[in-house]
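2 protein chains.
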Amino acid sequence: MAAVTAPKQDRSRATRQRLLEAAVACLAEYGWAGSTVSVVAERAGVSRGAAQHHFPTREDLFTAAVEYVAEERSQALKSVAARDRREVVAAVVDLYTGPLFRAALHLWVAASNEDQLRARVTELEARVGRESHRIAVGLLGADESVPGVRETVQGLLDMARGLGLATLLTDDSARRARVVAQWATLVDEALG
Amino acid sequence: MAAVTAPKQDRSRATRQRLLEAAVACLAEYGWAGSTVSVVAERAGVSRGAAQHHFPTREDLFTAAVEYVAEERSQALKSVAARDRREVVAAVVDLYTGPLFRAALHLWVAASNEDQLRARVTELEARVGRESHRIAVGLLGADESVPGVRETVQGLLDMARGLGLATLLTDDSARRARVVAQWATLVDEALG
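So the protein lines, in turn, are chains A and B.
So the first sequence is numbered by the numbering used here: it starts at 1 and just counts up by one.
So the second sequence is numbered by the numbering used here: it starts at 193 and just counts up by one.
Calculated directly from the structure, the hints in this document are not laboratory data.
Fair warning: there could be bad hints in the mix.
If you want the footprint, here are the derived chain B segments under chain A, 3+ residues with CB under 8 Å [unchecked claim]:
| id | region |
| --- | --- |
| 1 | 203 to 214 |
| 2 | 223 to 236 |
| 3 | 351 to 359 |
In this text the structure is predicted, and so the values were computed from the model without any measurement.
Note that the Cβ used here is the ideal one computed from N, Cα and C, for glycine as well.
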């Protein structure tokens with residue numbers, strides 16, 4: 001029977017993953033108001049019942065989705081083969097552009113006005129923020145025992161988030177590349 | 193008749209201003225979905241008809257509101273009596289926290305999914321961004337003919353925007369103060 005059970009589990013895991021990826025895509029594309037469980041299920045090619053089996057509530061689905069994709073991205077960032085700090089800064093900023101950041105932004109803004117979402121998204125955001133900081137410190141070879149180093153790295157992540165916000169309405173990539181190049185120099189000098 | 197007309201104009205201007213301030217407050221508090229013209233008119237103590245006389249469409253009302261408050265804030269920033277660059281950096285960051293930034297953020301996110309809003313908000317955001325940049329350059333005494341200076345100031349404004357986003361869900365003021373202090377030092381050194 002094991003031969004029957006294993007593919008079943010695989011199918012279940014694959015369905016879950018399709019739902020999570022569809023949820024992030026819907027959030028980035030339609031925003032919170034337009035992203036219902038039905039819309040996501042249809043995009044994932046899954047029945048609404050199957051979607052609710054995996055994620056009983058809309059909040060479950062979307063917080064799990066943003067967390068899943070954030071973890072995928074953290075893994076990708078950890079394995080960045082950057083030759084120097086300038087490349088690390090560019091890779092960190094890249095985390096805050098694209099569909100994941102866009103989806104997370106819609107979730108944050110919705111959570112700011114919806115009590116049911118707020119506590120979960122706040123907790124998720126704190127966790128993802130700490131993880132991004134930890135990875136950035138490692139990749140930059142930053143020594144946080146030196147005064148100011150921790151705040152230098154935090155400010156860099158805040159700048160990356162602000163750059164992500166600037167790309168929400170327009171393609172800002174040319175300006176962004178110039179700002180990133182200059183701030184990479186400032187960060188490199190500050191970290192010694 | 194001039195004595196009759198002038199108070200009438202004053203009243204009309206006062207009504208308009210009340211509507212704009214109520215619109216920003218509603219946007220910050222309820223988000224785009226919860227901010228209808230009726231909700232704003234009620235908060236301003238104005239009839240729905242009077243509101244529509246001033247602003248024929250919802251898009252008119254909210255883009256005008258964010259622009260109006262952004263201009264008020266620019267005026268306030270210009271008159272900042274900062275003793276040094278550290279205080280200027282803190283004042284610039286303050287522009288991106290509080291109800292105006294929160295309202296603008298809701299408008300940006302709504303505009304990213306609503307075609308009617310998108311073009312207007314993109315244009316507004318570009319105008320407000322240029323103005324903030326120009327004021328920051330002046331207050332910081334930054335010489336933009338020196339390579340890298342322009343991008344240093346832009347990155348500072350991006351960082352301020354990212355710090356504003358971090359305050360959306362939680363009170364982030366203690367961390368923000370430490371990051372601002374450190375980056376004020378780095379920016380001061382970079383601007384020479």
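Taking the hints in turn, this is what the structure says about them:
{"no.": "1", "hint": "203 to 214", "verdict": "violated (count 0)"}
{"no.": "2", "hint": "223 to 236", "verdict": "holds (count 3)"}
{"no.": "3", "hint": "351 to 359", "verdict": "holds (count 8)"}
Of the numbered hints listed earlier, the single one contradicted by the structure is hint 1.
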